[in-house]
Structures are given as structure tokens and as C-alpha cells.
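**Q** With chain A held as given, fit chain B onto it using these hints.
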Amino acid sequence: MPDPGSDTSSAGLAPRFEPDVGWVPADQRLFGLDRRTIAPTVAVFTLAILMSVVLPVINAKVAYHDTVNAGDIIELQGAVTFVPEAGWGITSGVRAGHAPLSGEYPATATVADGDVTFKVHTAPFGGDANALLDQIERTSAALNRGRGVQVTGQPTTIVTDQGKQGTTAQVTGPQTGGVIAAFVFDGRGVEAVATGPSDIGAQPTAAVLRMIRSISHRGKGTE
Amino acid sequence: MTTTIADLDRARNIALDLSGWGRRFAFYQPRNFAFWGYLALVGTGIFLSASRLARDFNAYGQAIVLAVTSFAIYAALFWWFTQRIDKYAKLPAKLMVVAFLWGGFAATWTMAANANDAILALYAKAFGQSWALAWGAGLAAPLTEETAKGSGLLLLIALAPRLVRTAFDGFILGAFIGLGFQIVEDIVYAMTSAGSQFGANQIGASIGTIILRMVSGVAAHILYSAIFCAGLIYLLGRPAEPRRIGRGLLLVTTPILLHGMWDSLAAVAGPNALSLVGLLIAVIVIALVIAVRVYELTVARERDFVRDVMAPEGARNAITAGELDAMAGDRKARKAYRKAGRNRRERKRARYVLNAAYDLADELAAARGADTDRVRFARGEVARIRAGRPSPW
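If you read the sequences in order, they're chains A and B.
Residues 1 to 223 (our numbering) are what the first sequence spells out, left to right.
Residues 224 to 616 (our numbering) are what the second sequence spells out, left to right.
Don't read these hints as lab results, they were simulated from the structure.
Each statement offered as a hint is correct.
On the chain B side, residues computed to face chain A include the following (Cβ under 7 Å):
(1) Arg254
(2) Asn337
(3) Ala338
(4) Ala344
(5) Leu345
(6) Leu356
(7) Gly422
Here are the simulated lysine to aspartate or glutamate pairs, EDC-like style, with alpha carbons at most 16 Å apart:
(8) B/Lys313 - B/Asp531
(9) A/Lys164 - A/Asp186
(10) B/Lys348 - A/Asp66
(11) A/Lys61 - B/Asp340
(12) B/Lys558 - B/Asp548
(13) B/Lys313 - B/Asp585
Just a sample of chain A residues kept apart from chain B, beta carbon distances all over 10 Å, derived:
(14) Ala26
(15) Thr152
(16) Thr156
(17) Thr157
(18) Gln165
It should be emphasised that the depicted structure is a prediction, and the values quoted were computed from it without experimental measurement.
Even for Gly, the Cβ is constructed at its ideal location relative to N, Cα and C.
Isolated chain A (complex conformation):
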């Protein structure tokens, strides 16, 4: 134990000189930079490039092999289903009877055939099919500010194979055209959008119409 003194100061103890924060020792300079900071920065940049460039490029190069077989049914949240066209690729969504381990089917499914994609999304909605189409139109316009895909043309009625009525309209965008359909089953809204390059025509193909008409819901009641 040191001898306690009456003097409480530590006078005489000068702090050791420390160079400024930005100072770089002469033997550590490389083109004016602190060479010690290069390796960690390059390591972090390598990781960033791996994550933001390399992995997405690898993903883009790997083709989907999950193609639709005749008789496949895609199921979504809330017991909504549709029958995809045989030969199309499933890019998201799962087949009926193959729910993820959580038991909950996803809210969105997408199938694709070349440049044409068909996407179905479902969520609770308190209104009818026309109100749903209006809502989708409003949200899309707000998000895209007139620059993206927009609902164009007069909405018309479409009837599913199950006999449920919905609303459909054409959509157009920069170099894109297609069709949108909206249904509401027992408070559950369903949006189906098929888009493809505009040069193949704005009219939906028979395959797309078949998929839209195949949309069904296992609940009771209709729109």
C-alpha cells in the first residue's frame, strides 16, 4: 500500500506526446495513404462485392428447373389456388400439398415462361373486386408515379372456372404489357398480373386467361 500523502495532485506527470489522429508514420505511407488501412478495407470491399455483385450474378446464371407438370396446383395463403400452365417455370410459390414446415403457404406465387411472368398475390381485403382493382391502381400509381406499369383500359368482368366473378383490365408500362385481374373471396383479395414484352401484343394469351380462370378459393361464398 502506498504512503498516502496530503497532496492529491499528480503534478509532474506530463502526458506522453501523441501524434494527431490523421498522422501517418513516414514508413507506412503509400501514395499518401496509411498502408496499414489498405488490407482491412480491401477485405471489407471484397466481402461487399461478393455479396452485392458475385452472388446475384451467380443466381442470375443458374436457371430454374422447377417446371410445372400437368395437374400441378399452386396454393397460396388463405386456401387460394390456381392451376399453372404445364411447362412454365415456378419462380416462387409452392404446390398444393407441399406446404412449408410452418404449415403456412406463401402469399405470393410466380410462374414464368420466357419473358412472360404470371404473378398471383393474396391478402385480406374488405371490399369487392372493383374496389380491389381501384386500390391496386392507386397504390401502383403512387409507387410508380406514372413511370411504371399502369392499369389502362376499361375494366371488364371475368368469371373463374369456379363461377366467381372478378374484374380484369389491361396493364401497360415501358416496354411491358399484360393483364391484371382482381377477385375477392370472403374478405380475401386476390391479384393476378401477367406481364411480358409489349411487342408480343397487349392481349393476354390463352394460357394466361386459363390460369386466371383457374384461380379458386376453398372457402364458402363468392365475391
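**A** Quick look at chain B alone, frame taken from chain A:
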């Protein structure tokens, strides 16, 4: 062997030198390559997030305002708590802001978000959509997000090599990186929820997500990154923290496993909601217990620094032995010191004396142990409060 005051002063200087306590942090360092790397990656993240926010605000403005306000309050609480546990050899607030921004913009937008999307899609292509939905997140996000967040610590060390010296520094900076990541990710989740019902019922659609993220966030990114970054310091070794590869690997892999468990809960629990809640609580408790253990493991060195810096003050009777033990002790030691007062007034005063003694420690650290006017004033404050004299200021 008798310890002299000169010995204690030397030990103080060594502790200040080793710990980096009290040193200034300057962000603008044009000759530091890490500065430019940080600016590029965080700047890209800010640009990407601002673009998304500007685009979505037009459609989901109400939900975004609610989410940003809620998570700002949430962040402020965690900020306060994390700063509070850094009560020994404190890091500068500016460095914590730099850590927060890394987690919020570079680790999320520039790095992990791109990698997660790509890996999830690759899993779906390789193993099928059902498998990817069940296990994809648990086998993608822990690797990408923990490394993206943790890599920020490499830049912070390069930006502040004289400040980031101990595993506890890594623990605290990791917590702030995790806080930034968590808050920005939560806002993005809320925005996604706002659009999940075709843009209708935005508040109703996003409020559940906001509450769930707040509750689950207690044992999520903040905690994972704190453990990961403490482990990274052990792996790298620092002047005040010898390299311990085994411990480092354990601490780096633990949050990856915890994160993986968290993201796989729904798949493990299956459709049973009770199992899901039970597993959720179990994972939170396990994560919190591990975080407390890592805190206790890493904070010991910081407490030693406090003891070394303040021991000369004890030897010169500026503080008592009891005050020194309380300052360099844990929460229980400080509580015991306060409770030793005979009445409420003394107990209150004991708390103020401790706070003033911590102020003195900070002043001594800023002065690198020299006897400056600020140090003498802080020392005088300890004496004044102990004597019960009112402040003249």
C-alpha cells in the same frame, strides 16, 4: 513489496495507453483508406435506402411515419441502455454513431440484402421452394448479415486503432452496429407489411410487424453483433486484448447459430402456435444468457483499467478505497457501496460521489493522466459532494 505512488502512476499511464480511454476520434481522415471505403459503402446504402423510402413514401406514407417514429423511440432506448453499460473506459459517442450508420446502411442495403435475395433464390432452385421457405432464411441471413455487420468493425479498427483496444470495445461497437441494422431492417419490414394488403389498411397491416419486431428485437441483431464483434477482437487480437483464437471462434459462431435458430423457428415449431411461442421464448432467453456471459467475460479488463486509472487517486486520498472498489466493481458492488449509507441522504450522496468519481476518471483519461485544471476541478467536485457542500455553479 511496497507499491509506491510512482508505481501506481506508471500503471495508470500504461492503462490509459493500452485502453485508449479518453482519446479523441476524428472521422475525417483522408489519408486513411478505411475512411474512403466506409464512405463508399455507407454512402451507397444511404442512397439505396433513400431511393426506396422516397418511392414508397408516396404510397405508404402513414405506415412509414408510424414505423420511423416508433423505431426512433425504440432506438433511443437501446442507445441509452448500450451507452449506460459502457461505463468504464468509454468510447467516444462519435464512434458509436459511425458504427450505427454502418449497421443501418452499409451492412443492410449495400451488402446483406443483395446476398440474401440471391442465396434464397439459389436455395429454391437447388432444393425446391418449400425447402427454401422453411430453411432458406435460417441458412442465408445468419451468414450474410453477421459477416456484413461484423466487417464494419474491421473498418472501425482501421479508423480508430488507438480507441478500439479490447473485446469489450468490440462488444459495445457491435451492439451499435446491430442497433443500426435492426432499426433500418425493422422499418423496411414495416414498409413491406404496409403494402401486403394491396396498400389498403396500411396501419393495421404494419402495426403487428412493428410490435413483433420490437418484442423480438430485444434478443436479435444488437445482441448478435455485440457477441460477434467481441469474438472478432479475440480472433484478431488487439494491444489490450491478446489473441485467443478458440474463444474468438466460439464467439463469432455463437451469434450465427443463434440467428439461424431464430430464423428457423417457424420450420422447427411446425404449424403448432404453442410450440412456436415456446421456442421463441427459449431462444430469447438463451441469447440473453449468452450475451450477459459475454458481457461479464469482456468487461473485466475494462474494470481493471478503471482500477489502474483511479488507484493513484485512492493513494492520494482523492477517493476512498470503498469508492475505488465500487467504481471498478460490478453493479452489485456499486449497489453495496450506496446501501452502506446510514440513511437515505447518505445513500443519495454516495451515488453522486460515484458519478463525480467517474467524471474524474473521464477527465484523467482525457488528460492522459496529467494534472490539468479540468482534472483538479473534477477532483474538487468529488470532495465537495462528499462533504455535502452545495455547488457554487
